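Fit chain B to the supplied structure of chain A, relying on the hints for placement.
Residue numbers (our numbering), protein chains in the order written: chain A, 1 to 500; chain B, 1001 to 1359.
Calculated directly from the structure, the hints in this document are not laboratory data.
What you are looking at is a predicted structure, and each value in this text was computed from that prediction instead of being measured.
Among the hints, erroneous ones may be present.
Unchecked claim - The calculated lysine-lysine pairs, modelled on DSBU-like cross-linking and capped at a C-alpha distance of 30 Å, are:
{"hint": "1", "chain 1": "B", "residue 1": "K1117", "chain 2": "A", "residue 2": "K457"}
{"hint": "2", "chain 1": "A", "residue 1": "K124", "chain 2": "A", "residue 2": "K77"}
{"hint": "3", "chain 1": "B", "residue 1": "K1037", "chain 2": "A", "residue 2": "K354"}
{"hint": "4", "chain 1": "A", "residue 1": "K354", "chain 2": "B", "residue 2": "K1085"}
{"hint": "5", "chain 1": "A", "residue 1": "K84", "chain 2": "A", "residue 2": "K166"}
{"hint": "6", "chain 1": "A", "residue 1": "K142", "chain 2": "A", "residue 2": "K124"}
{"hint": "7", "chain 1": "A", "residue 1": "K84", "chain 2": "A", "residue 2": "K52"}
{"hint": "8", "chain 1": "A", "residue 1": "K457", "chain 2": "B", "residue 2": "K1037"}
To be verified - Computed list of chain B residues with no C-beta within reach of chain A, every gap over 10 Å:
{"hint": "9", "residue": "A1004"}
{"hint": "10", "residue": "I1042"}
{"hint": "11", "residue": "K1068"}
{"hint": "12", "residue": "V1070"}
{"hint": "13", "residue": "A1071"}
{"hint": "14", "residue": "V1083"}
{"hint": "15", "residue": "S1108"}
{"hint": "16", "residue": "R1155"}
{"hint": "17", "residue": "A1198"}
{"hint": "18", "residue": "G1218"}
{"hint": "19", "residue": "Y1225"}
{"hint": "20", "residue": "F1258"}
{"hint": "21", "residue": "E1263"}
{"hint": "22", "residue": "A1282"}
Ideal Cβ placement from N, Cα and C applies to all residues, glycine included.
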Amino acid sequence: MSVLMKIYSLINFIRQYIISQLAGRVSLALLGFLIFMSIYALIAIPPDLPVKWTQPQAWEMNPPNVPPEWAQYIGYKCLPHIEKNLVLERPSISIGSSSVTLTYKYVYTLPDNTDKVPGNILVKAVDLSTPPLANNIEIILKVTRPDNYTYTLFDTTLTPQPNQTKVTTTFRLSSEILSRDIVAQYLAEGITVNRLAIQGRAQELIFEKILNVTDEGFISKVKILPGKYLFELTIIYSGMVTPPTPVATSLILVIFGTCYGFMGTDYLGRDLAVGLLYGFPIALAIGFSVAVLSTLIGVLAGIISGYYGGLIDEGIQRTVDIMGNIPLLPILVLIASAVQTASFIVSIQDPVTKGWVLLSIILIILVIFGWPGLAIVVRSFTLSIKGEAYVEAARALGASNTRIMFKHILPQITPYILASLVLSVPGAIVTEAGLAILGISHGLPTWGGILADARTKGYITYWWWIFPPGILITITSMTFIFLGLALETYAEPRLRRASR
Amino acid sequence: MSVARVIIRRAILLFIALVVVVFLTAFIIGATGYDLKIWNAIIIEETRAYRESITRVNPNMSAEQLNKLVAQYRSMLEDLYGVNKPWTQRVLPLAINVLTLKLGDVQSSDVANVVGKQLPLTVADAILTVLPRTIVMITVAEVIVLLLGLILGPRAAFKPGSLLDRFVIGYAAVMNAIPLWWMSLIMIFFFAYVLNIAPSSGRGAISAINSLMQGDIGALKQLLYYAWLPIVTIVINFLGGTAYIIRATLIRIVREDFVFVAEAKGLAENTIYRSYILRAAAPPISTYIILGLAGTIGGFIITESVFDWPGMGSLYYAAITTGDASTILGLTYVFMLVYVIARFILEILYVLLDPRVRY
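Just chain A, same shape as in the assembly (with noise of 0.2 Å):
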C-alpha cells in the first residue's frame, strides 16, 4: 500500500511541477529517448562490441572513412556495398590430370552517373577447406573490364598444414601484380606507362581508363570506365582431382562501397551506428554515477558539517575551501596523464579491462572533486533549519542526531538536492568527453572517445564522423538541463513566480 502510495505521490509530483513546464515536458520526452536507447543498446548489441572495438581486423570488411547510406539523398553519389557470399553460388569445375579448379563468378555493375570508384576489394575466406591431400592451393581473383582488359586482382598459395584442415583468412589486393598487368594492357596498346604511378593508385585504376599519358610514362588524364566488370574467384587444388565439399563456410567478396550503414564509419571501418548506440547507456552510466556519488558525499558532509559544528565542521569546511581553490580541468589533465602512464596501469594486457580501469579513475576524480559546491549549500540550509522549534521538539523527544538530519532535516532540503543532482549529470559526460579529445582516451566506444578519434584519425569534412556524437553529448545534456530547470523552480519558490 505504502508502495504505491508513493508512486502515486511521484506521479502527482511529476504532473504538477514537471508536466506543468515546457521545459519539464521536453526533457522528460527526451529522458526516455534517452532511456528507451540505451536499453535498446543493451539488447540489441552483443556484449563484446568494446572487445570488438579495439580489434581493427574485426572491421576490415566495412570500408574506411565513408560517410552514411542516406547521404545519396543529401547530394552524395553513393557506390553501393557489396558483400557476395560466393560459396552460396555454384562454380564452374575443371578437372585436370593432378589438379582440379573451382572459379566462382560474379558481375559488378559500376553506374554510368559516378564519380567515385570502389575503395577496395577483397575476399574474405572462412573455413576454406586445406586438405592435407593437396600440393597446394592457388586462389586467384581476376576482373574483365567493360573494355575487355582482365587484370589479376591477388594470386596467393596456400600451403596445406598437416594438422589443420581449414583457414579463415582475408585475401587482399596486391598492387605488384595489378600494376604488372595493367602495364601490360596499355602497352598492348601501344601505350608506355611508368609502373610506379600505376602502383600508387592501382586500385582506383581497376575502375579507370588512361586516357592520356606524359613523355616521362606518368598518368595524367584518366576517366571512369562504366559497366560491368566480371569478377572471377578461382580456386586450384593441386595434387587432387575431386574438390573438397564444403570448399569453404563462406567466401566474401567485398567490393566496398562509398556509403556505409546508417552513420557511415570511421578510419578503421568501425560502424558508426553500433558505437553511437553503445554511447547512451556508457554516458548515463557516467553521468549518473559521478551525479550520485559526489552528491551523496556533498549531502552528507553538509549535514554533518552543519549539524555538529565544531571541529568537525571547521574541518569539513577547510577542506571544502582547498578543494574549491583547485582548478578542475588543468589536475584532471595531470592525474589522468601520469595515471596512463603508471606501471600498474601499463601493465593490464586487455585493452578493455585497461580501458574500464581508466574509466573508472576519471569518474573517481570526477567524484572527489564535485562535491564540495553542494557540502557548501547543504550546510547553510542544515544551520538554518537546525534552529527550528520542530527540531529542538524532536530532540527533546529523545530522536537520535542521526534520526535528526536524515528524518527531520533532510527531507528540507530534498528538492535543493535533487535540482543539483539532475543538473550535474552533464558535467561527468560532457568532461569524459573532452578529456578523450585531449588524448586520455580509454578506447571505449564512447561519444567523447569517438569525437577524439575523429579530430586526431578523421577530417574535419567527415561530418558523419564529427556531428553526431557532438549532437548526443549536446540531446542529453539539454536533458538534464531542462529536467533541472524544472525541478529549480520547484526548489526555490522564488524563481517560481518568475517562470510563470
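Then chain B, alone, in the frame of chain A:
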C-alpha cells in the same frame, strides 16, 4: 586591524591550498613514476652541458677519460635527484622546485613548435611567450562575453517572464548543453571548409602577434583574420551562461525584503538599483567576472587545440600528447597560481564591497 586579519587569514588559507595542490601533484606523479621522466630529462640535459664544457676547457682529453668523468657526474646527479631511490624521497625536492618556479626545460620539439621556437627552451620562457597569444584571443572573447552579459542579464532580471527573460533562459540552457570545443569543430567545418572565409588553423597568428609586438599596427588586421572565428564562437557559446548567471544573481536580490521596503518607501527606481540592488549584487558578480577572467589566462585547453591557436591551451595539449612531464607540471602550477591570485584579489574586493566580511 580586523580587515588586515581577515585578509591575512585568507591569504594563508590560499597559500596552504596552493602548497597542498603542489604536493598532491608531486605525490601523484611520483607514485605513478611520471616524475622519473622529468628527472631523467634534467640529468640528460645537465650531463650534455657538462660534456660540452669539459671539451671546451680541455679539447685534448681522451674519449675514455671524458666518458669516465661524464659517468661520474651522471651518477652524482642521479644520487642528487634520487632517481634510484624510492619515489617517496623525490616528492619533496620536486614540490620545492615547482613552488620556487624552477620549472625545468621543455623536452618535446612538438611543444617548442607551439611556442614557435627551437629547443632548448625553458618551460618558463615557453609559458611567457604563449601567454600574450591566449590573452589576445580568449581573454578578449571573455571580456566581450562579460560586457554583453552585463547588458542582457539585468534587463532580463528586472522584467521576469518577459520575452527577453525567456529568451535568456532558453538560450542559456541550449548553449550550456553544447560543449564549446565541439561547437568550435562545427564552426571550423562551416566557416573554414564550407564557406572558406576563415583559416582552419590559428598557427599563423604567431607571426601576426610577433610583428604587432614590434610595433607594427598593420598586423592587427592579420591577427583579426586569425582570431575572429574563435572569438565569435566563444562569445556565442558563453554568452548564454553568463547572462543567465547575472540574471539569477540579480533576480534573487530583486525579490529580497529590503528591496520591497525601499520600493514601499517610494524611493526612485534609480536609487534602488544603484544603492540597494547593485551594492548587494557586486560581490557575487565580481566573483564571477574575476574567476572568469582568471580562467581565461590558462587558455581553453581543448578549444585552443581545436582552433590550433598557439596559446597556453595548445601548449598544454602538445605537452600532454607528447608526455612532456615538466611542461605539464609547470603549466598546472601556473594555472593554479593564477587561480589562487585571482581568489586573493577577490578576498580583498569582498572586504571593500561587503561590510559584513570585515567583522
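Now the hints, each set against the structure:
1. Between K1117 (chain B) and K457 (chain A) the CA atoms are separated by roughly 27 Å; this keeps the pair inside 30 Å, and the hint holds.
2. Distance check on the hinted pair: K124 (chain A) and K77 (chain A) sit about 26 Å apart at the alpha-carbon level, within 30 Å; holds.
3. Proposed proximity of K1037 (chain B) and K354 (chain A) is supported: the alpha carbons are some 22 Å apart, at most 30 Å.
4. A distance of roughly 28 Å separates the Cα atoms of K354 (chain A) and K1085 (chain B); the hinted pair therefore holds under the 30 Å criterion.
5. Distance hint between K84 (chain A) and K166 (chain A) is fulfilled; the C-alpha atoms sit about 21 Å from each other, no more than 30 Å.
6. For the suggested pair K142 (chain A) and K124 (chain A), the alpha carbons sit about 15 Å apart, so the restraint of at most 30 Å is met.
7. About 23 Å separates the Cα atoms of K84 (chain A) and K52 (chain A), which keeps this hinted pair within 30 Å; it holds.
8. Simply put, K457 (chain A) and K1037 (chain B) have alpha-carbon atoms about 27 Å apart, close enough for the 30 Å limit, and the pair holds.
9. Residue placement check: A1004 (chain B) keeps its beta carbon more than 10 Å from all beta carbons of chain A (closest about 20 Å).
10. Non-interface call for I1042 (chain B) relative to chain A: holds, since the shortest CB-CB distance, roughly 18 Å, exceeds 10 Å.
11. For K1068 (chain B), the requirement that its beta carbon stay farther than 10 Å from each beta carbon of chain A is met, with the minimum near 33 Å.
12. The claim that V1070 (chain B) lies off the interface holds: its Cβ sits roughly 28 Å from the closest Cβ of chain A, which is beyond the 10 Å cut-off.
13. Consistency note on A1071 (chain B): stated as away from chain A, and its beta-carbon is indeed over 10 Å from all of that chain's, at 27 Å minimum.
14. With a minimum CB-CB distance of about 16 Å to chain A, V1083 (chain B) clears the 10 Å threshold, and the non-interface call stands.
15. The beta carbon of S1108 (chain B) is kept farther than 10 Å from every beta carbon of chain A, the shortest such distance being approximately 13 Å.
16. Every C-beta of chain A lies more than 10 Å from that of R1155 (chain B), the closest at about 14 Å, which supports listing it as non-interface.
17. For A1198 (chain B), the shortest C-beta to C-beta distance to chain A comes to about 12 Å, beyond the 10 Å cut-off, and the non-interface label holds.
18. No Cβ of chain A comes within 10 Å of the Cβ of G1218 (chain B); the nearest lies about 30 Å off, and the non-interface call holds.
19. Every CB of chain A is more than 10 Å from the CB of Y1225 (chain B) (nearest about 19 Å), matching its label as outside the interface.
20. For F1258 (chain B), the shortest C-beta to C-beta distance to chain A comes to about 14 Å, beyond the 10 Å cut-off, and the non-interface label holds.
21. The beta carbon of E1263 (chain B) sits about 16 Å from the closest Cβ of chain A, which is more than 10 Å, so the claim that it is off the interface holds.
22. Against the 10 Å criterion, A1282 (chain B) stays outside the reach of chain A, whose nearest CB is about 20 Å from its own CB.
Every hint from the earlier list agrees with this structure, and none is contradicted.
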